[in-house]
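Visitor: Single-letter residue listing:
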Amino acid sequence: MTALDYLVFMAQLFGLRKSVARAGARDLLEFFGLEEETSKTIAEFSGGMKQKVGLASTLIHGPKLLILDEPTTNLDPVGRKSIIDYIKQLSTDMSIFVSSHILSEIEQMCEEVTILVNGKIVITDKIRDLKDKYSLVEDKFVLDTDDNDLVLREFLSSRDEGIKKAWIGDDSKIYIITEQKRKLQEFLSNLIREQGILINDFHQVEVPLQDVFIKLMEKE
Amino acid sequence: MNVFQGKGIVRSENFKGFSAQSSFMKDHFIPFSSIFKKTFWVDLHSFKRLAFIILAMNIMPILMYIYFPKPTPYEFASVNDILGIGQIIFAYLLVCIPFLIFSSASMISEEISRGTMLILVSKPVSRKKIVIGKFLAILSYFLLIHLTSLGVTSILCLIKQPFNDMLPFFLSQLLYEPILLYFFGIITMGLSMALKQTKTALLIPIITILVMFLSVFMIKPALFQPCIFNKNLTYYEAFQLYHFDLGYHIMNVYLGILDITFPEISQSVAGMLVNWGNYKIVYNDIFPEEFSLVRTHYYSPIASLILLLCIGLTFFIIGIRIFKRREITS
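Going down the list, the protein sequences come from chains A and B. Just so we're on the same page, my numbering is the position in the first sequence counted from 1, plus 2. Just so we're on the same page, my numbering is the position in the second sequence counted from 1, plus 12.
Treat the hints as calculated values from the structure; they're not laboratory data. Hints should not be assumed to be uniformly reliable.
Each computed DSS-like pair below joins lysine-lysine, with the alpha-carbon atoms no more than 27 Å apart [unchecked claim]:
#  : chain 1 : residue 1 : chain 2 : residue 2
1  : A       : LYS20     : B       : LYS140
2  : A       : LYS90     : B       : LYS135
3  : A       : LYS122    : A       : LYS167
4  : B       : LYS135    : A       : LYS66
5  : B       : LYS49     : A       : LYS52
6  : B       : LYS140    : B       : LYS211
7  : A       : LYS66     : B       : LYS38
8  : B       : LYS135    : A       : LYS52
9  : B       : LYS38     : B       : LYS172
10 : A       : LYS167    : A       : LYS142
11 : B       : LYS49     : B       : LYS243
12 : A       : LYS221    : A       : LYS122
13 : A       : LYS42     : B       : LYS135
14 : B       : LYS135    : B       : LYS208
15 : B       : LYS140    : A       : LYS42
16 : A       : LYS42     : B       : LYS60
17 : A       : LYS66     : B       : LYS60
18 : A       : LYS20     : B       : LYS208
19 : B       : LYS38     : A       : LYS20
20 : B       : LYS49     : A       : LYS20
21 : B       : LYS135    : A       : LYS20
Work out the full structure: start from the sequences and follow the hints.
Guide: Quick look at the structure:
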């Protein structure tokens, strides 16, 4: 069965006339970039393409709510990214409920999250708020300058600036753990001013949703 | 629809007319016919399968075409005498029906185990509609095979010799086969819905056919001997085994059709039906070596037909009830 025939069949199960179903199916194949594959049977498709057809079949009758269970299972990284991108695009126009164990993907796709532990709803909140609420007391930063050894020495010699721990990681960047974000920023601007240090990268490491989940698990 | 119209994934003009559709078309006819069409063209139909079954069903007429002298001896001038029951037993019961059973048995249970049934039942189509749509598709597909095969058989017979009873032969076969297809198809479909494994749903009707045939040649001849308690009756009659003999009822329905198409059933046809229980040998009291074949009439053909229809329907209804309650997961 070709993807077009499959989508037409799915549409007809919802009561759409063949001509309407065919036109809708063609539009969806175009949206998912499968318009060139209409002569191929689904059996010839890759896992990612099959997943796209599956997603298209759920959209054929124009639902207002979409419930997806593990939408990226068994897909390679390219396929995963593609499906996540499509879900993000679709979410601007409809409510999408995604159930998944892969929390890093949930972070990329969703705005709000409901966490279940042992089958019970533990929390429902926006991901951003949840991270703020359950993030660690200390903040972790990554810094990359033109002279990381010098900067690290400066950090280690000034413990009173609120820097709890600093080290150079495998990627040759400096990792800093501090309880006082403000003091770190001030210390860094002094370094730039006094030592003429050039900064290539400076960002705060985000708390992954997984850590929040583990914290909630421990709490439960 | 509004989602697509807003987003532009599916252009709004494509959905014009959807709201104008009557609810009967939208809720019943279109989903039902789509299941029917998908089962017929995608799940069942393949040119190879069609050609193979038709060829297998026509082995007897082909052999007859090759080996019988032309013109055939006078006593075989009737195509019904040469092919009638032989065609039913070989082409239908041994070739066409097993293929039908194989297709019906896997139709529901296989789809459940593959996970494709979950897709169907998650759509706004009732399970009853899914099953009836699939069953009607199977029935129609095998009716198509039956008609094509019968056409080929008739052409072969016409080429061979201008038989004088081609039309009644064609008519009797045409009327009888749908009954067989219905009976075995609906029972297997019922089993396919009720049982979890395709294998079991497949084995039960196949074993039934085998037992039916084996009993005709191995068990029934013994049952047609005079009973020790009453010499006037056979064991078959004394214990009223015809009530439970599926083979008897199947052939009794065929005899009912022959009553219409061939008002005078020939002795050669009657002779073939002795072992099925539809005819019995009655010996002459004065000349014991002389005998005649007498129709048994345990049941009227209409009663046998109703019985077969009811047995099939019972299996189907039980199957649907179990299938409706069954939890279908991926």
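Visitor: If a hint holds in the structure, say so; if it doesn't, say that too.
Guide: Verification of the hints:
1. For the hint pairing A/LYS20 with B/LYS140, the CA-to-CA distance comes to about 23 Å; that is within 27 Å, so the pair holds.
2. Of the supplied pair hints, the one linking A/LYS90 and B/LYS135 holds, its CA atoms being roughly 25 Å apart against a limit of 27 Å.
3. Taking the CA atoms of A/LYS122 and A/LYS167, the gap is near 38 Å; set against the 27 Å cutoff, the hint is violated.
4. Pair hint B/LYS135 plus A/LYS66 holds up; C-alpha atoms about 15 Å apart against a cutoff of 27 Å.
5. With a CA separation close to 23 Å, the supplied pair B/LYS49 and A/LYS52 stays within the 27 Å bound.
6. Straight-line distance between C-alpha atoms of B/LYS140 and B/LYS211 comes to about 23 Å, which keeps the hinted pair within the 27 Å bound.
7. Of the pairs offered as hints, the one joining A/LYS66 and B/LYS38 holds, with about 19 Å between alpha carbons and a cut-off of 27 Å not exceeded.
8. Restraint check for B/LYS135 and A/LYS52: satisfied, since their Cα atoms lie roughly 19 Å apart, inside the 27 Å limit.
9. Straight-line distance between C-alpha atoms of B/LYS38 and B/LYS172 comes to about 52 Å, which puts the hinted pair past the 27 Å bound.
10. Of the supplied pair hints, the one linking A/LYS167 and A/LYS142 holds, its CA atoms being roughly 9 Å apart against a limit of 27 Å.
11. Among the hinted pairs, B/LYS49 with B/LYS243 is inconsistent with the structure: their alpha-carbon atoms are about 58 Å apart, more than 27 Å.
12. Restraint check: the Cα-Cα separation between A/LYS221 and A/LYS122 comes to about 13 Å, which is no more than 27 Å; the hinted pair holds.
13. Proximity of A/LYS42 to B/LYS135 is assessed by CA-CA distance (about 25 Å); at most 27 Å being required, the pair is judged to hold.
14. For the proposed pair B/LYS135 and B/LYS208, the alpha carbon gap of about 22 Å is at most 27 Å, so the pair holds.
15. Our distance criterion of 27 Å between C-alpha atoms is broken by B/LYS140 and A/LYS42, whose separation comes to about 32 Å.
16. At roughly 21 Å between alpha-carbon atoms, A/LYS42 and B/LYS60 fall within 27 Å of each other, so this suggested pair holds.
17. The suggested pairing of A/LYS66 with B/LYS60 is violated, with an alpha-carbon distance near 44 Å, which exceeds 27 Å.
18. Distance check on the hinted pair: A/LYS20 and B/LYS208 sit about 34 Å apart at the alpha-carbon level, beyond 27 Å; violated.
19. At most 27 Å may separate the alpha-carbon atoms for a hinted pair to count; B/LYS38 and A/LYS20 meet this at roughly 11 Å.
20. Under the criterion of a C-alpha separation no larger than 27 Å, the hint pairing B/LYS49 with A/LYS20 is consistent with the structure, at around 12 Å.
21. For a cut-off of 27 Å, the pair hint linking B/LYS135 to A/LYS20 stands: about 17 Å separates their Cα positions.
Against the hints set out earlier in the document, violations occur for numbers 3, 9, 11, 15, 17, 18.
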